[in-house]
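Peer 1: Start from the sequences and build out the full structure, keeping to the hints where you can.
If you want the building blocks of each chain, they are given just below.
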Amino acid sequence: MKGTNIGEFEELVLLTIGALHPQAYGVSIKNEIAAFTGRSVTLSTVHSALNRLENKGLVTNHMGEATGKRGGKRKKYFIITSFGVKTLTEARAQREAIWNLIPDAAFKVNLT
Amino acid sequence: MTHPAGHRPPKWANRLLEWYCRPELLEDLQGDLHEYFDRNVARMGYKRARINFVLDVFKFMRPYTIKRPTAIYQLIQKTMLTNHVKITFRNLVKNKTFSLINIGGLAISMVICLLSISFISELNSYDKFNVNHERIYRIQSAYQRSGQPVLNLASSSVYTAKKIKNSFPEVEDLTLVTYGFQGNALTANNDYVSLNGHWATESFFNVFSFDLKQGNPNTALKEPYSLILTERIATSLFGHTQAVGKTIKLQNDREYKVTGIMANVPANSHIQFEVLCSFKTKEIEERNNERFDSWTSLFNHYTYLLLPQNADTEALEAKLINLSEEENAKVNNRSIVLGLQPLDKIAIGTPLMNDLGFSMDQDVVFMVIGLTFIILLSACFNYTNLSIARSFKRTREIGVRKAMGSTRAQVSRLFLTEAIVISILALLIAYPIFEVTKGQVLSFDSELQQAISFETSPKLLVTFVGFALLTGLMAGFLPAVFLSKTKVVNALKGIFSRTSTTSSWNMRKALLVAQYTLSLGFILATTISYSQYKYALDYDLGYQTSGIVNVALGGQDAQTVINEFSKHPQVLGISKSMLTLGTGRYLDFYGHYQNSSDSSQISYNIVNENYLPLHDFEFIAGSNFDKESELVGQSSIIVNEVLLKRFGVDSPTEALGEQMVLSGNKYRIQGVVSDFHSSSLSDEIMPFAFLSTGGFPNASNTLNLKISNDNLTETMSDLKGIWSTIDKAAPFEAEFYDEQIKQTYVSFFSIFKIVSILATIAISIAALTLLGMAIYTTEIKLKEISIRKVLGAQSKHLAYHLSKGFLYPLVLAPVIAIPLTYFVFDEFILTGISYRAPIGILELSGGLAILALIVVLTVSGQIFKSVRANPGATLRSE
Chain A
0 MKGTNIGEFE ELVLLTIGAL HPQAYGVSIK NEIAAFTGRS VTLSTVHSAL NRLENKGLVT
60 NHMGEATGKR GGKRKKYFII TSFGVKTLTE ARAQREAIWN LIPDAAFKVN LT
Chain B
0 MTHPAGHRPP KWANRLLEWY CRPELLEDLQ GDLHEYFDRN VARMGYKRAR INFVLDVFKF
60 MRPYTIKRPT AIYQLIQKTM LTNHVKITFR NLVKNKTFSL INIGGLAISM VICLLSISFI
120 SELNSYDKFN VNHERIYRIQ SAYQRSGQPV LNLASSSVYT AKKIKNSFPE VEDLTLVTYG
180 FQGNALTANN DYVSLNGHWA TESFFNVFSF DLKQGNPNTA LKEPYSLILT ERIATSLFGH
240 TQAVGKTIKL QNDREYKVTG IMANVPANSH IQFEVLCSFK TKEIEERNNE RFDSWTSLFN
300 HYTYLLLPQN ADTEALEAKL INLSEEENAK VNNRSIVLGL QPLDKIAIGT PLMNDLGFSM
360 DQDVVFMVIG LTFIILLSAC FNYTNLSIAR SFKRTREIGV RKAMGSTRAQ VSRLFLTEAI
420 VISILALLIA YPIFEVTKGQ VLSFDSELQQ AISFETSPKL LVTFVGFALL TGLMAGFLPA
480 VFLSKTKVVN ALKGIFSRTS TTSSWNMRKA LLVAQYTLSL GFILATTISY SQYKYALDYD
540 LGYQTSGIVN VALGGQDAQT VINEFSKHPQ VLGISKSMLT LGTGRYLDFY GHYQNSSDSS
600 QISYNIVNEN YLPLHDFEFI AGSNFDKESE LVGQSSIIVN EVLLKRFGVD SPTEALGEQM
660 VLSGNKYRIQ GVVSDFHSSS LSDEIMPFAF LSTGGFPNAS NTLNLKISND NLTETMSDLK
720 GIWSTIDKAA PFEAEFYDEQ IKQTYVSFFS IFKIVSILAT IAISIAALTL LGMAIYTTEI
780 KLKEISIRKV LGAQSKHLAY HLSKGFLYPL VLAPVIAIPL TYFVFDEFIL TGISYRAPIG
840 ILELSGGLAI LALIVVLTVS GQIFKSVRAN PGATLRSE
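Protein chains in written order, with numbering that gives the first Met the number 0: chain A, 0 to 111; chain B, 0 to 877.
Certain hints may be false.
Said to hold, decoys possible - With a straight-line Cα cutoff of 27 Å, these simulated DSSO-like cross-link-like pairs (lysine-lysine) come out:
id : chain 1 : residue 1 : chain 2 : residue 2
1  : B       : K782      : B       : K508
2  : B       : K10       : A       : K75
3  : A       : K68       : B       : K46
4  : B       : K10       : A       : K68
5  : B       : K85       : B       : K162
6  : B       : K401      : B       : K486
7  : B       : K401      : B       : K85
8  : A       : K68       : B       : K58
It should be emphasised that the hints constitute simulated quantities derived from the structure, not laboratory data. Source: prediction; values computed, not measured.
Peer 2: Below, the structure written as structure tokens:
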């Protein structure tokens with residue numbers, strides 16, 4: 000299992016990439032995270048997370064076409080690799096397994 | 000338009016991003032930032048968006064985004080460096096004259112820099128051999144008698160030391176050093192060796208880290224009459240250093256026991272001694288002196304504290320001030336405020352009175368650094384000037400380099416490399432000169448000679464090399480910036496853009512003015528300091544000093560010595576005095592005339608009846624002292640005019656026979672002499688009183704011998720012979736009065752010597768620059784001159800045409816230099832000197848004339864050569 004562990008923020012970025020597919024690039028990911036969670040994240044945080052994900056082999060990228068916008072620079076689109084999908088599923092399965100273990104009593108709020 | 004409405008992120012931030020970011024990440028990153036920027040413009044306005052952009056650029060500076068130099072890049076760097084060095088040497092050989100001028104100019108100024116670097120680093124090393132040097136502090140005292148200026152003393156009282164030791168638990172340890180242990184000891188072969196040193200308390204070796212070779216550091220200074228000797232003095236006393244346990248008999252017939260032998264005191268210790276005697280000895284000797292450990296007897300004792308790590312010195316100082324206030328309340332008319340002085344600030348620091356050893360005013364140190372820097376700057380100007388002048392010849396090379404793909408950075412690196420190579424070559428020349436001259440420099444000042452050894456350590460050599468590299472960077476900076484700017488196309492076509500050449504010409508002119516100003520300033524400084532020195536020596540002090548020899552009596556009985564000396568036929572007269580006037584020292588006390596509430600500080604000297612006639616003092620009223628023997632018991636004084644003026648007495652005769660009270664005793668005014676300079680020319684004439692030795696039979700310790708001018712050397716050696724029959728131990732200490740006065744003003748002479756050397760160097764460097772520029776100007780203009788000549792121009796017009804570039808700056812230089820030099824001398828160097836030599840037109844214009852002469856001499860040769868060249872030959876060869 001070691002090596003496939005990903006942090007909370009990384010997981011969020013990875014999920015967002017999936018949600019935005021195939022239009023996931025730096026700014027759109029940042030905006031999407033802000034919209035989903037209400038957290039304001041900086042562009043540089045997102046970029047470094049993407050860099051880490053890429054190094055771990057969870058995402059891959061390809062360059063888009065140059066347009067008149069963005070100072071004429073091309074976009075770098077990110078796609079989840081199959082390893083990334085596996086990691087995400089595993090993380091989800093782990094959580095659900097733990098969720099199932101929680102007895103109902105644990106969530107009962109005692110009002111007295 | 001890539002950005003809507005022409006809104007762009009800041010260009011520099013964008014460039015910064017491009018500079019640091021890895022190329023593979025750059026495009027996406029930059030794109031995202033730009034997109035984000037556009038959105039921000041719409042959301043929060045142009046200004047905020049720009050600020051955010053800059054912030055984001057900085058936020059993106061993370062390890063994974065920052066470029067790393069690649070192997071190929073490093074390889075290129077290395078190859079280019081070898082290439083640069085090779086080209087540099089080729090250029091050096093190609094332009095021999097210029098290389099010599101550049102290297103020579105830098106080398107001369109570097110000698111001065113090396114001297115001052117080693118001087119300052121040696122000063123900096125002072126007292127650092129003490130392991131705890133950062134934790135050692137000395138108690139200093141600000142001493143003030145009511146109505147007098149504050150004296151900042153390095154010393155403190157025994158009382159203070161005891162008080163601190165007993166009631167300041169935060170002080171880890173304390174040692175008291177009392178100045179002035181002296182004695183003559185008999186050696187094995189019946190010679191006398193004089194011992195000089197201090198008394199110190201037993202914790203001396205706890206505070207300081209002097210190397211005690213034999214003996215117990217904790218107990219060696221415990222018992223009375225214990226001595227610690229340095230190895231040097233032990234060897235001269237016993238012939239070896241195994242001396243612990245031996246006894247030494249000193250002149251006062253006391254036996255001292257040697258309890259320790261220590262290594263010689265390092266040269267960079269501010270405390271210097273050959274012998275340490277236990278402080279208990281001093282206490283026993285002074286047991287009948289109740290003032291010995293009083294709060295106000297603070298002139299001979301030095302207290303050193305060892306504080307714990309991270310001690311709160313501010314709290315301690317506050318406690319010391321409290322202590323001072325408590326004690327000051329118990330005494331009248333005097334106040335002492337104690338303070339702390341770190342050991343590391345003793346050798347270079349604020350000047351204190353009666354310092355125990357060598358100390359250098361930090362302002363002087365800054366001045367040395369400043370002057371050195373100015374000299375160095377001038378040599379760098381020289382280099383810059385010539386390099387830019389030569390740029391015409393180099394533009395084509397730069398063009399080719401750039402066309403082949405050199406970046407601007409690489410071209411500037413070429414010029415920096417050249418400058419560094421030249422400065423290293425200059426160092427290679429300067430270093431041997433430094434080694435040879437350092438001894439000479441020290442001989443300027445006897446105090447310096449003792450304090451500074453100028454030893455060359457490996458650390459110093461590394462500093463020298465580092466310094467040379469820095470000099471190279473400094474000298475090469477402007478040429479690198481200027482020349483790397485050259486445009487490829489222009490350079491290859493041989494077009495010099497008008498603006499760049501004129502601006503560089505203007506800059507060279509500015510540099511030339513700076514160099515002229517500097518040279519002129521130093522010439523003026525030389526003349527001013529020399530004329531002040533001459534002025535002080537030739538000044539009429541109000542009494543005669545020529546032909547008078549002052550002999551220190553030591554402990555000998557005055558009458559015996561007088562009797563013996565007066566037998567010599569060449570001795571014309573002998574008088575006795577306490578103080579040698581006119582040498583900057585003075586004695587003073589308080590006194591008043593008829594009105595006892597109006598008292599004033601009065602300088603005095605105690606002399607016998609021969610003193611005033613022997614020195615030709617001019618009596619205005621009254622008469623000289625009577626013969627000493629008849630005067631015992633009664634007290635007369637002779638005063639000067641200023642004293643009468645001070646107490647409002649109009650005519651000198653009126654004062655005769657009147658009574659004065661001086662320091663509590665009554666005196667009768669017997670005579671009045673006209674004013675004279677009792678201290679030095681730095682001070683105003685003070686109210687002065689001569690007291691008769693009749694009232695103080697033991698007070699005078701100097702004999703003044705008037706000797707005839709014939710056979711001076713013979714007379715002196717005779718006198719020495721006579722002295723040795725009277726005193727077998729102490730040497731004959733005699734000095735010509737004129738010499739002693741000369742010694743008083745030796746600081747002016749030192750300043751004169753130093754600035755004259757600096758002036759010579761500044762002038763030589765300026766002359767080198769001039770020579771270089773003259774050679775170049777004539778070389779470049781050779782064709783122009785030839786054409787002008789063919790068209791009928793006269794030689795004198797051509798000479799004027801060529802030389803005006805050098806002459807105009809000459810007009811500007813004095814406008815800057817004269818007021819500046821005058822200001823510096825007026826504000827800093829001659830402050831506190833009451834009697835100054837006038838600075839006249841002659842001195843000022845003399846300096847200018849010297850400079851003009853040098854300019855003309857350097858430039859004219861080149862100009863005549865080019866003016867007289869045969870235009871036919873020049874034009875045909877082109």
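Peer 1: If a hint holds in the structure, say so; if it does not, say that too.
Peer 2: Hints and how they fare:
For the proposed pair K782(B) and K508(B), the alpha carbon gap of about 23 Å is at most 27 Å, so the pair holds. A threshold of 27 Å between alpha carbons decides the hint, and for K10(B) with K75(A) the separation of about 23 Å falls inside it, so the pair holds. Distance restraint check for K68(A) and K46(B): the Cα-Cα separation of roughly 20 Å lies within the 27 Å cut-off, and the hinted pair is therefore satisfied. For the hint linking K10(B) to K68(A), the alpha-carbon distance of about 17 Å falls within 27 Å, and the restraint holds.
A distance of roughly 71 Å separates the Cα atoms of K85(B) and K162(B); the hinted pair therefore is violated under the 27 Å criterion. For the given pair, K401(B) sits about 9 Å from K486(B) by alpha-carbon distance, which is consistent with the 27 Å threshold. For the hint pairing K401(B) with K85(B), the CA-to-CA distance comes to about 18 Å; that is within 27 Å, so the pair holds. A threshold of 27 Å between alpha carbons decides the hint, and for K68(A) with K58(B) the separation of about 23 Å falls inside it, so the pair holds.
Consistency with the previously given hints fails for number 5 only.
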